[in-house]
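Asker: Take a look at the letters that make up each chain.
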Amino acid sequence: MSQREGTRELFENLEGYDELDDVDSRRRAIRLWSETFSEQWEILKEDRLVVFGAVTITLFSLIAIFAPFLAPHPPTERMWDGGMIMQWENPLWYGGEGGYLLGTTAEGYDIFSQLIFGSRPALIVGLSAAVLCAGIGTIVALVAGYYGGRVDDILMRIVDVAYGLPLLPSVILLVAMLGPSFLNVILAVVLLQWRASARVIRSQVLSIRERPYVQAAKVTGASDWRIISRHIAPNILPLTFLYGAFAIATGILTEAGVSFIGLGDPSQVSWGTMLQTAHTYNAMYHQTWWWFIPPGICIALVVISGFLIGRGYEEVTNPALRGNN
Amino acid sequence: MSVDPDPILEVEGLNKHFEVNSGIVNDLRTRFTGAEKDYVHAVDGVDFELYPGEAMGIAGESGCGKTTTAMTLAKLHQPTSGTIRFRGEDITDLEGAELTKFRQNVQMIFQDPFESLNPRMTVYDTLAEPLQIHDVPNKRARVARALEFAELQPAEQYLDSYPNELSGGERQRIAIARAIVLDPDFIIADEPVSMLDVSLRAGVLSLLERMTKEFGLSIVYISHDLSLLRHMCDRIAIMYMGRIVEIGTTEQIIDDPKHPYTQALINAVPVPDPTTGRERVELEGEVGDAVHVPSGCRFRNRCPEIIPPEELSIDQRTFRGAMSLRARVDRGFDAESYWERTGGDGRSEPEEFTEILREEFVLGEPSRENREVLEEAIDLLAEGQTERAGDLLRERFHSVCERVDPVAEERLDVADDRRVACHLYEPNEGERGVDEPTAGESAPADD
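Sequence lines, in order, name chains X and W. If you use my numbering, the first sequence corresponds to residues 278 to 602, in order. If you use my numbering, the second sequence corresponds to residues 439 to 885, in order.
Just chain W, with the same shape it has in the complex (with noise of 0.2 Å):
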């Protein structure tokens, strides 16, 4: 990792929201009716730093905002807030000359070779497409050594050819080669090597490797795939709904993660070797709503460590029980599909409705006065009294997760300098999270 004090890239409080069903019709009719718009909160507060020559890893499941931040960094979507600095200079609003004039130093690798490169031009056109742009003199020569450097010999071979006449991993060269032509300081790599066979990624990834040290160039690395970030990246960042969750070294998130989210997702990186035992934290639960985000930490839907409030004493998984039929029933309870499942005629097996329910919702080994409540909550909603049982789960049953937004910050009792957004650990003094006003399905804060 560098040295170098400044960064090349400081990204602070970015966010990208995409407006749902947008348009004349829907514009008017939101203006006549007043009704809120909706947005998907694609990538809501990112912040993070990269050095020059570094590598760092953004990892996340499918639709956590991993690729649209990845785009909005190469400003592909302009950020609906937030400021994106390059080289200490405010890139977010550029347009333009002097944002044609950024790109330059920019460059975007995607994932899928076969897609990305202009089926109707050549190899030559495709990479000299950059050099016109920018003016830049000897096209020929540059395009040559950039394709000797992606390691496709002679280079002279390749300029003629149409994408289709070439595999997918000599695509994936020429998109490398088309990324090193201008001679950028700073790459995004979207899932380099996802699209490739097994057998080729190992060389792709390589050539990468040797691209960035080589270069000194600066990389981000977009991927879901743990042991690939870790092979390639100094530094991880582990995204969650549109947030950073956790960031840190290499090592540090590797070995040692401490976000209940991370944990989870380096535990489902598969092992080679059978016989080494690691406990699997199984993830319940759904993954929220990006138009509907949740208040307070977006992960505690499912996140197996939910904080129970300090008076109440409970074991974890009964509490995630607890909180899962609780989200359920916030979310506005549907009934019918347990009806349908107890296999009667409409409600008429009433006992097998609660067995069911029971089964999914009370876990663990419960107190005898936690079971009676989750038992008389799942009795009423036998009874179709949804907003009784709401209210006598969201009176025993709450957490500081679902009250305050944890902040990504260094914690004090994680000894290293990793940012974690969790309320396990102890906040930085006098930088706690926001107590947000709890609004809509959360419950009443009474700490």
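Isolated chain X, as found in the complex (with noise of 0.2 Å):
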């Protein structure tokens, strides 16, 4: 470098002070990732809502996992008794005989065990969608507001033609062309609602690209890679989460109604699923409420879980909402 004496004092017999620095750039990533999300946890808990909605979420999602474990029957085996098929059985509680905690199907389903597996692809398709939608979301936000030009203006307008497409009807096109399954419906909610994370978050990756403490990482000679994922992405974390959590939500409703209008996965039974046979068969009409309120209320309770998370992600992005409770 140089010649200048100077600055070059500062820094000599430098040799064998220590060699720690050089090992830990990993750990020191993965340091930086965990106090952020740590300093966020410390925020959300604050909301006694935010818990409910976490705990709830856990609880759902311990359930999908054991559901083998926790149901009584196979969700998709009829109940037989001598030769007859357990129809419009009643609930345990409510003078049914067969043992059933919720009664049967018209089918002949074990209600309370269609319930617990129906959690599955309610909660596959609503967490992958979630991480696949802030995901999608966040990468295109990056990329389009840290290149701005060119990048940014075909990306954003891909992001106008995503809004104008209405949700369900190309839901229902989606899956109508590529066939009722399950994948192809977490597909169309990805394929449907990254655009108003990508929208959003890249307006905040605008303005922190601007920042000072970028600007600053640059002049020291930062790569372009570098600043997006140690100077831009940890900031801007808050939000894909706050997406992520809509996105829950979204995805959960948005199967169980394309289920529920019979273009659900026929294989699987979902909470969407459910309420769909109870409807074709008759339920209210027999008053077996028993059948399709309990889908209902967890379909509900999942769904205002995804946003009561995000409600309380919006207090960690937005700061001027803390402390009003």
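Be careful, since some hints might not be right.
Claimed, not checked - Quick partial rundown of chain W residues pointing at chain X, CB under 8 Å, derived from the structure:
#  : residue
1  : 512
2  : 538
3  : 544
4  : 546
5  : 548
6  : 553
7  : 554
8  : 555
9  : 556
10 : 558
11 : 567
12 : 568
13 : 583
14 : 616
15 : 785
For the record, the hints were derived by calculation from the structure and aren't laboratory data. The beta carbon of each residue, even a glycine, is placed where N, CA and C say it ideally should be.
With the hints as a guide, bring the two chains together.
Answerer: Put into structure tokens, the structure is as follows:
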């Protein structure tokens, strides 16, 4: 480098000082992220409703994982009683004699077991839609916002087009074209939901990109990847989670909606298909409310939990909302 | 000041223009309509050089382009045109690995210490980042030494802190430590203390001074605060609307400013002792529009010493007033706002209207002829004949300042080696400013 004496003196005789530093860049990266998470959790747990949402989602996740152990019967196995299908059986606590906690359906399936197994598609669709929507949206936003110019123009016009698509009709079209499978529902939800996170997070990236600490990193010669991953991404993370939490809710609602209109995966029991069969067999007319109320409650609980967590993240992203409660 | 004859940094004809309304839709529109794109002339022809070990200040009002200049020097903006040479090497178009190598030599200190440190990175991560990028060994030890130099002791105590745990002064010291940790040759400090409490400023300034003196660094200070620059700098450049209007040693600029704009700036610095009489030059008029840059001298619309034509006998204040009125009319006279001020209903009070305009623009002690022209123009304005009023004013009141763009150069009647861009001073022979063909708002040349 230069031939000056000045600064060099300050940095002379460093040899053997210590060599600790080069080891742990990965450890530091992990620490950066874990600090970020724990800081957010500190804010989130202040709000009881957020905790309620988190507990509910965790509970349903556990139910989904351990469904085979919790459900008394396989969900698609007809209940027989000496050559007769056990149809329209009342629940145990409502004069039912078969010992079914929530009775049986018109086809002779155990409602309680269906309810437990129904949490699986709901949560899988909800969580994978959340991860994919927030992930794709964030990546698009980072690329568009950071690089700007033509890249930004093109990506944002695609978002504009995505905004033009109505949610449910598009899902129906996609499922009708690709066939009623579970993966196609996820695909459809993701294709239609990444737009909101991409648009909003991009605007945040635009603002962070101009912050002096990003400029300072550029002056020191930081690569684009380093700036995006270390300086911008950690600072937009709360927004990513916010949109992730909302995507859980819309994912589950869409899955239930699509199943209800009969475009869900026919081989799989979900809360949506339960509602659909209850509707087909006129459960309302037969006053067997234990068939359609519980899946409705489950959908509502998970969806509300998603929104509550999202609301909590709004407080993380917008400090002005904090401390009002 | 250093005697080293080779400048560390040479800037020539530096321009940075920003496009107004960019984007696909606007591009298409301009392509089809053939309309010209508008540019903000943030930096528009800046020349200077910086010698090793020298501290140079760039001063000017908000929006004069000083921060854009700083960012362009640090290669945060790609200049629109012009060259920047670092140690004789053209760095204007460096890219990729070469740019990264150059970045090892140049660092920047930012204005706001609350914004210039990533809130999600510890002090160690912030300071070690440049070392990681340039693969410098002994990171921890270097970081510790840099922190100790910035008077953050013991350094170990700061390594794991986050910026939000530190005070503004500590943060700015960390920003300074980050700037020196790579051992650069040249630092740009953009308003380094303006966001700090007054009580902390002196400490941070003396640290900056120690840094430049001990290490022989070259530094460019960007500030609007002339008293700070006077204290810190060997030379000062004054910027106005993207140009350097005057550049010289600190004593020359502060004690004997030549350019009318420099004089106005110096006079605006508050004096601690109110009994010290100092003639205050108040600037009239508005800061120009950086999109539609005025022809000739950029300062002419506000200049208290705008030069009247030779054949016209007129006092300075009257001429200033006349030129202000002309500038208003040339830009499309906003008669409505004056009609509103009459308090009358619509145009019911023409007398009041002319009275207001006279009060604003007929200043000083005009001769009978000058007064007549001004009043006739104002009457024409009251009748709504803006164009004729403009013609009338243009015919009588015009100036070399609007026709010829003054060059920042050494002037024959300014004894020292400073450069001034002003027609009040005798230009160097053979280096006259370019006679611009006057366009748009300005008068037809007649000299």
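Asker: Where does the structure disagree with the numbered hints, that is, which hint numbers, in rising order?
Answerer: 15
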